[in-house]
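K.L.:
Each chain, written out:
There are 8 protein chains.
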Amino acid sequence: MNWNSPTIHDAARPDFGRQTRKGVPEVIIAERKTVEQSMEIAKRFLEATGRAILSRVPPELEAHLREEFAGQADLEWLPVPRAAVLRHPDALPPDAGGRVGIITAGTSDMPWAEEAALLCREMGCQVHTVYDVGVAGLHRLWGPLQQLLEEVRVDVLVVAAGMDGALPSVISGLVDVPVIGLPTSVGYGMGGKGEAALLSMLQTCAPGMAVVNIDNGIGAGAIAGLIANRMAANRQGGS
Amino acid sequence: MNWNSPTIHDAARPDFGRQTRKGVPEVIIAERKTVEQSMEIAKRFLEATGRAILSRVPPELEAHLREEFAGQADLEWLPVPRAAVLRHPDALPPDAGGRVGIITAGTSDMPWAEEAALLCREMGCQVHTVYDVGVAGLHRLWGPLQQLLEEVRVDVLVVAAGMDGALPSVISGLVDVPVIGLPTSVGYGMGGKGEAALLSMLQTCAPGMAVVNIDNGIGAGAIAGLIANRMAANRQGGS
Amino acid sequence: MNWNSPTIHDAARPDFGRQTRKGVPEVIIAERKTVEQSMEIAKRFLEATGRAILSRVPPELEAHLREEFAGQADLEWLPVPRAAVLRHPDALPPDAGGRVGIITAGTSDMPWAEEAALLCREMGCQVHTVYDVGVAGLHRLWGPLQQLLEEVRVDVLVVAAGMDGALPSVISGLVDVPVIGLPTSVGYGMGGKGEAALLSMLQTCAPGMAVVNIDNGIGAGAIAGLIANRMAANRQGGS
Amino acid sequence: MNWNSPTIHDAARPDFGRQTRKGVPEVIIAERKTVEQSMEIAKRFLEATGRAILSRVPPELEAHLREEFAGQADLEWLPVPRAAVLRHPDALPPDAGGRVGIITAGTSDMPWAEEAALLCREMGCQVHTVYDVGVAGLHRLWGPLQQLLEEVRVDVLVVAAGMDGALPSVISGLVDVPVIGLPTSVGYGMGGKGEAALLSMLQTCAPGMAVVNIDNGIGAGAIAGLIANRMAANRQGGS
Amino acid sequence: MNWNSPTIHDAARPDFGRQTRKGVPEVIIAERKTVEQSMEIAKRFLEATGRAILSRVPPELEAHLREEFAGQADLEWLPVPRAAVLRHPDALPPDAGGRVGIITAGTSDMPWAEEAALLCREMGCQVHTVYDVGVAGLHRLWGPLQQLLEEVRVDVLVVAAGMDGALPSVISGLVDVPVIGLPTSVGYGMGGKGEAALLSMLQTCAPGMAVVNIDNGIGAGAIAGLIANRMAANRQGGS
Amino acid sequence: MNWNSPTIHDAARPDFGRQTRKGVPEVIIAERKTVEQSMEIAKRFLEATGRAILSRVPPELEAHLREEFAGQADLEWLPVPRAAVLRHPDALPPDAGGRVGIITAGTSDMPWAEEAALLCREMGCQVHTVYDVGVAGLHRLWGPLQQLLEEVRVDVLVVAAGMDGALPSVISGLVDVPVIGLPTSVGYGMGGKGEAALLSMLQTCAPGMAVVNIDNGIGAGAIAGLIANRMAANRQGGS
Amino acid sequence: MNWNSPTIHDAARPDFGRQTRKGVPEVIIAERKTVEQSMEIAKRFLEATGRAILSRVPPELEAHLREEFAGQADLEWLPVPRAAVLRHPDALPPDAGGRVGIITAGTSDMPWAEEAALLCREMGCQVHTVYDVGVAGLHRLWGPLQQLLEEVRVDVLVVAAGMDGALPSVISGLVDVPVIGLPTSVGYGMGGKGEAALLSMLQTCAPGMAVVNIDNGIGAGAIAGLIANRMAANRQGGS
Amino acid sequence: MNWNSPTIHDAARPDFGRQTRKGVPEVIIAERKTVEQSMEIAKRFLEATGRAILSRVPPELEAHLREEFAGQADLEWLPVPRAAVLRHPDALPPDAGGRVGIITAGTSDMPWAEEAALLCREMGCQVHTVYDVGVAGLHRLWGPLQQLLEEVRVDVLVVAAGMDGALPSVISGLVDVPVIGLPTSVGYGMGGKGEAALLSMLQTCAPGMAVVNIDNGIGAGAIAGLIANRMAANRQGGS
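Protein chains in written order, with my numbering: chain L, 756 to 994; chain Z, 756 to 994; chain P, 756 to 994; chain W, 756 to 994; chain A, 756 to 994; chain Y, 756 to 994; chain D, 756 to 994; chain H, 756 to 994.
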């Protein structure tokens with residue numbers, strides 16, 4: 756509690772125990788924070804947990820991350836979703852064993868699919884991706900989908916789509932694994948900021964699908980990783 | 756122009772010439788008219804053009820139509836869309852030659868698909884329908900679709916869907932005939948009055964589709980019939 | 756494909772194979788069908804699969820179900836969600852082993868929670884329910900929640916809430932099982948048809964939750980049952 | 756399927772067969788792609804089909820197109836819609852014979868009308884345009900409209916309008932060719948991003964019109980070209 | 756101010772002076788009041804001003820009005836808008852001299868057009884009506900419109916339209932009198948409760964129009980009557 | 756927690772301690788409950804706290820309340836908001852001393868104003884009401900407002916308004932007591948279910964006002980009573 | 756009609772006769788046009804009518820206007836609405852005699868109020884403005900309002916307000932001249948782009964007001980000027 | 756009243772008496788004003804009241820404030836909300852005695868919480884803040900909340916939250932002081948500009964809360980300060 760205007764130290768209360776409590780690490784969403792705030796919180800995570808995950812990193816922050824953590828931590832940079840993982844060498848993600856498949860309708864859906872993939876990998880899942888197989892050319896879908904189901908034997912699928920949002924419904928009508936629909940803000944005109952895709956997924960006539968909010972790749976990864984890892988734990992006799 | 760409060764005769768100006776001018780007959784949408792108004796307008800159409808088409812007929816009006824036109828005109832009654840055609844025996848629709856295919860995602864979409872079918876038939880088209888082949892079980896679609904394209908060789912497709920509205924996009928990605936998307940008010944929760952279906956169709960990533968408003972079966976039939984009949988006229992060397 | 760106006764037999768193409776293909780049985784949502792249509796489809800499911808599940812059954816249909824199937828099948832009637840299960844005695848749901856917890860914020864959320872519970876039970880899950888523990892009196896929540904997590908050891912939670920939709924976020928911040936948010940149409944004024952609850956769940960700041968559409972108890976049950984049963988199969992060495 | 760973060764080659768699956776399968780070429784919508792992605796996909800189209808069509812080209816991409824394809828392909832540049840066609844000299848669009856009329860309410864609607872025109876021409880249609888004849892001065896409409904109908908004898912009309920969106924309804928009430936309504940994002944205040952225009956067109960009381968989404972000139976061109984070319988094929992005895 | 760729960764006498768404060776202060780009489784909108792409340796307020800207006808105007812009168816109230824005021828006041832009943840005027844024989848509306856033209860796009864727009872006409876007449880205007888001349892058949896418009904402008908020489912036009920709401924814009928582009936757009940709740944699907952009509956009118960590209968809310972016939976009549984009567988007063992040298 | 760479908764006893768967890776914990780009694784909102792559920796919960800409240808408050812009571816429930824509690828408890832019935840208070844004679848609300856003023860713009864806003872008044876009285880406040888003083892005739896406002904401020908010396912004002920929702924802003928610009936805006940669902944056309952009133956209050960340019968949701972009279976009463984009673988406690992040296 | 760991509764000369768069809776036909780001059784809204792397009796159209800208006808009016812002029816265009824028309828025409832520049840009038844010295848607006856009052860709630864509403872004032876002056880009206888008298892401090896309103904009504908004796912009032920949009924309703928409840936409500940995009944949060952103000956005005960409970968769209972100062976000026984000038988003509992015996 | 760285009764002096768009518776009349780000082784919201792306008796109004800407030808409060812100060816204005824008032828007034832600068840207070844040394848805020856607690860769900864909600872804190876301090880309240888204790892980790896809430904209630908004994912709480920907006924409901928279910936919900940524009944996807952948070956708060960199932968608009972920190976501070984100071988006055992025997 757502060758009697759005066761707070762400094763950053765007082766204002767942020769990072770949840771270092773989330774990974775333990777929830778099985779999902781906290782992600783620093785940098786787009787609404789100042790460079791200063793993000794750097795400070797990243798530093799505190801790195802100290803407390805050996806890792807800091809940042810998403811939606813603006814270019815200025817990227818530069819600061821590269822400079823200021825050089826020598827202290829390894830930086831993994833993902834250009835498509837503009838995400839970063841800072842890691843002490845001895846802080847590798849556990850091999851939790853979950854198997855997650857991630858599919859996109861178009862190439863424009865990739866930034867959020869990659870966010871989901873990132874989080875799942877950081878939760879210790881194996882992640883398998885198939886991109887650009889939307890309903891305007893469904894013939895491109897069958898092969899890779901069968902591979903995911905029969906060879907990889909995924910525990911859960913994340914399906915990202917913008918525009919008409921039809922792909923998750925089409926897939927959910929075909930498979931017997933749970934599907935997480937990830938609507939993206941790809942589109943134009945009415946409903947084009949992802950609303951059409953989200954509504955279409957919410958209205959799906961195919962059972963076995965639930966959705967996260969538009970562009971919420973992190974959220975899709977969190978629940979997909981949680982499901983997959985619990986399945987893995989059950990496979991390994993853990994629950 | 757009326758200096759006093761108008762009677763029905765003054766208030767309605769039926770457009771008897773629409774069929775000639777537009778190639779599309781006028782339909783009396785009964786749901787917002789009193790029984791009195793609908794009966795009066797139907798009578799005037801019957802006199803002027805030998806036919807009256809009524810849609811969304813409430814039960815009271817149905818009874819009146821059956822009683823009061825008995826002996827004067829044949830009544831064709833369509834129970835699913837609650838539509839009626841009154842016709843003098845010598846007023847058959849011309850055989851205009853257009854070939855229209857109408858597909859629905861579910862059985863609940865039938866009332867509006869039947870409205871579209873009715874109007875196309877009254878415009879002299881051949882109409883072929885395939886119902887309940889939505890994306891929750893796409894395996895039901897391929898056979899009938901191929902028949903429509905290769906045997907019937909339809910000029911245009913009307914595809915009706917509520918809920919996720921995904922079927923028209925899926926079909927439009929597969930065929931080379933123009934597709935008219937007909938969203939229906941079948942659904943629940945957010946976007947469930949047909950908005951999700953309409954928006955998903957407006958956002959389609961498959962080219963070659965245009966849409967009409969939610970539940971506007973008459974409108975879908977009008978443009979589909981117009982397209983099909985003009986193609987038929989071209990086949991017959993008429994344009 | 757039909758050249759004339761279809762009868763019901765032609766119009767509906769029930770998906771008898773869905774349980775096998777998807778692991779989720781098809782549910783006949785009766786509220787948009789005529790009594791005639793629902794009876795016909797129920798009869799065909801009963802014949803093909805030994806069971807028919809109906810939701811949102813209007814009173815007239817309830818009467819018909821009770822009368823016409825008497826002697827042929829057992830009727831299980833759930834008054835709160837107005838749902839019915841018709842079953843041949845030898846057609847018991849398999850004991851699939853999934854463990855599903857269902858929680859509601861208020862008593863008014865019960866119809867949809869019960870829909871979810873029904874579907875999960877028909878998929879062979881064990882279902883455990885806790886009702887009326889919303890955020891206006893959070894002290895009522897802790898005990899039952901702990902029981903679900905530590906004694907029952909649920910595989911997944913469905914959390915239903917209308918109005919502010921806050922309960923799923925609160926729970927999702929506390930537990931390490933996947934949470935399916937089920938917004939309900941309980942509320943008043945702006946956002947009161949479930950939109951506020953849905954949006955709040957879509958915006959959750961707690962990771963590990965995905966949502967279904969407003970009042971979509973069947974959909975929540977489908978994905979929860981799918982997740983739980985796959986976990987059970989993994990427990991039993993099946994995947 | 757990719758086990759690691761994908762390169763662009765893996766991520767995009769261009770649909771080279773679309774022109775053959777659908778009768779509509781694929782258009783590279785550049786506004787949501789990086790310059791790198793657009794250049795790569797354009798190159799692959801040019802190789803596979805002898806042509807690449809790009810719309811909504813940002814200035815940086817325009818420069819790259821001009822430089823990097825110089826000598827390899829002819830560049831046609833349309834400044835109003837900022838669209839480009841790259842073409843091998845031996846890859847001329849076929850003369851498919853469809854006749855398309857395109858009308859706008861105002862000069863501000865031109866970018867999307869030109870997108871539609873571009874796609875129709877690339878599909879081998881003859882395109883005839885009439886601009887700035889909206890309902891604020893309807894006297895400007897009659898002459899050009901009559902010319903389109905009686906001299907050019909168009910197969911289909913695309914009518915673009917923003918603001919009140921009234922022009923397509925007015926035209927559709929007068930003509931007997933199918934009308935594709937193209938709402939544009941021209942307007943101000945409530946409904947001013949094209950929603951008023953789209954809704955007004957969806958609510959048209961004139962039969963024989965269907966619509967595409969706001970600013971979807973490419974989509975309007977696709978269905979108009981498809982309709983016109985099939986009419987031409989019928990004229991030539993082809994279907 | 757009331758210390759206890761109020762009776763109706765205390766609760767309503769009718770504005771008897773509005774006609775004098777504003778030039779517009781108060782109208783008792785009955786649809787949200789109990790029969791008791793409406794009767795009480797009507798009685799008080801009749802006593803205070805010699806007249807009571809009621810709109811949207813439910814059937815029960817109509818019966819009460821007919822019975823209980825018999826002998827005390829003349830009842831003028833308008834069936835289309837379900838409106839009533841109670842009047843002492845010596846309380847005729849003044850001949851204020853304003854000239855108002857009222858036009859509708861369809862017959863379904865009549866209830867609200869008649870509300871506007873009623874209020875204008877009660878304000879002492881001459882009212883001239885033209886119904887069912889919408890844009891689906893514009894040829895029906897020219898004759899009556901010219902009569903209104905050149906023979907009647909109206910001071911102001913009220914133009915009512917539902918669905919596409921295009922007629923007021925078309926008319927406003929042609930005439931040099933002020934136009935009041937009156938959107939009506941006639942329509943279907945998206946925007947079909949009058950929103951499309953209202954938005955289209957708000958976006959009009961023709962100058963010289965302002966609008967009232969959907970179905971607000973009373974409001975359209977009030978401002979039209981006010982404008983017309985002030986013009987009349989100016990004609991008579993009164994302002 | 757219930758292993759089977761719950762009875763009502765299991766399903767509802769009334770919050771008997773809310774008055775003590777929160778200073779606000781729980782209200783049984785009957786409109787979404789069955790008569791059975793409401794009766795059961797009312798009985799349990801009466802037993803536990805000596806009082807039960809019910810709002811939005813449907814006619815069937817009213818009859819049951821009158822019959823079944825006769826002799827056991829006093830029934831206070833408020834016809835305008837259809838609310839009821841059941842009370843043991845020895846269970847009078849404490850005289851908490853808060854002073855609440857409640858103002859409405861029109862008579863149609865009374866049901867929700869009366870809900871607020873009811874709750875405040877049950878919290879032990881003195882309640883003073885002024886009805887039908889909206890901005891269409893502001894001269895009716897000054898006198899009663901001054902009385903509330905200077906004679907009654909209210910601690911807080913609840914101002915209810917539908918339609919334009921302007922009255923709370925006008926009042927909030929004039930007074931120095933906190934104002935709770937209570938938007939009501941009185942209106943027509945766009946924004947007419949209270950959205951216009953709510954949005955206008957949320958956008959108020961007069962400081963010192965907060966709002967509750969549309970028609971939430973109970974909510975307005977709760978916060979107003981809480982504020983007023985804490986002020987009274989401070990007056991009496993209690994905090 | 757153009758067979759090829761149009762030049763600007765072909766694309767724009769300025770309506771030089773609008774002033775004569777409608778009594779309202781055409782305004783070149785520059786914000787959606789290129790500098791080139793605006794300059795060309797301005798030049799053509801100047802030649803045809805001796806005057807060009809431009810609104811929402813971007814800085815680049817301002818510079819061009821100042822340079823290129825220097826010596827040929829007088830430039831009147833209004834900094835607040837960024838509007839310009841180019842005029843040949845012999846092309847003065849007629850003294851049409853209408854009297855228009857323009858009032859704003861805040862200083863932020865001035866750009867659109869000034870747009871309205873500009874158009875009225877160009878139509879030959881006398882314009883009188885009163886700014887920053889909103890409902891947060893109503894005491895600032897009475898004096899200036901009385902002056903407008905009794906000294907200036909305005910024919911019509913334009914009242915601009917953003918945020919709560921309450922001022923036009925308050926004024927319309929007090930005066931007997933027609934009021935044009937002009938909602939502005941001043942606000943924040945929900946409804947803050949002018950929607951709250953527009954909806955509140957559409958829902959006004961004070962009779963005698965109509966509205967234009969958000970920020971449509973030109974539209975408000977057009978109808979106000981039209982009304983005022985017709986009143987002036989009537990005063991002068993002209994109609 | 757101005758006959759010509761107004762200068763800034765004429766256009767703004769600052770409400771210097773608001774603090775006296777309302778108990779709330781006027782705040783200059785700079786984001787919609789030019790630097791010139793803001794400087795002028797600030798200067799006039801400083802002269803008239805000894806203080807000027809500015810919020811949402813753009814960088815250019817900040818520089819001007821620092822330069823031009825140097826030596827004349829003390830400048831207090833709050834970097835997080837970009838707010839400023841200019842003050843003559845002898846113009847300290849009175850110690851009004853109100854006690855306000857301000858809580859945020861996340862660090863991103865701080866700018867608006869700080870706005871509220873600023874205004875309360877300028878009204879003479881004691882302000883106590885607790886940041887970043889949202890529902891994703893409720894364990895962080897209990898300690899500080901108890902301190903606010905039992906040690907500080909706050910009169911009122913402001914609770915700011917974006918995203919799911921759940922925190923104010925959770926707190927309001929636990930405390931017996933009035934809660935002002937302050938939704939913030941922190942979020943993503945559907946409902947992510949604060950609409951989800953606002954709607955969830957409007958739908959709260961916990962009694963004793965009212966809300967202000969999204970990001971309206973000033974408005975939340977105004978009503979909270981008003982409530983707290985009146986409580987303090989009552990404590991001191993002042994009312």
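It should be emphasised that the hints constitute simulated quantities derived from the structure, not laboratory data. A portion of the hints provided could be inaccurate.
Some, not all, of what chain D presents toward chain H, calculated at C-beta under 10 Å [as the list claims (entries may be wrong)]:
| id | residue |
| --- | --- |
| 1 | Pro849 |
| 2 | Tyr886 |
| 3 | Gly892 |
Pulled a few chain P residues facing chain L out of the computed Cβ check, cut under 10 Å [what the hints assert, rightly or not]:
| id | residue |
| --- | --- |
| 4 | Val779 |
| 5 | Leu801 |
| 6 | Thr804 |
| 7 | Gly805 |
| 8 | Arg876 |
| 9 | Leu893 |
| 10 | Gly976 |
Nothing here was measured: the structure is a model prediction, and the numbers come from that model. In this text, a Cβ means the ideal position worked out from N, Cα and C, and glycines have one as well.
K.L.:
The structure should be examined with respect to each hint, and the outcome stated for every one.
P.N.:
Hint check:
no.	hint	in the structure
1	Pro849	19 Å, violated
2	Tyr886	5 Å, holds
3	Gly892	4 Å, holds
4	Val779	4 Å, holds
5	Leu801	20 Å, violated
6	Thr804	15 Å, violated
7	Gly805	19 Å, violated
8	Arg876	15 Å, violated
9	Leu893	18 Å, violated
10	Gly976	9 Å, holds
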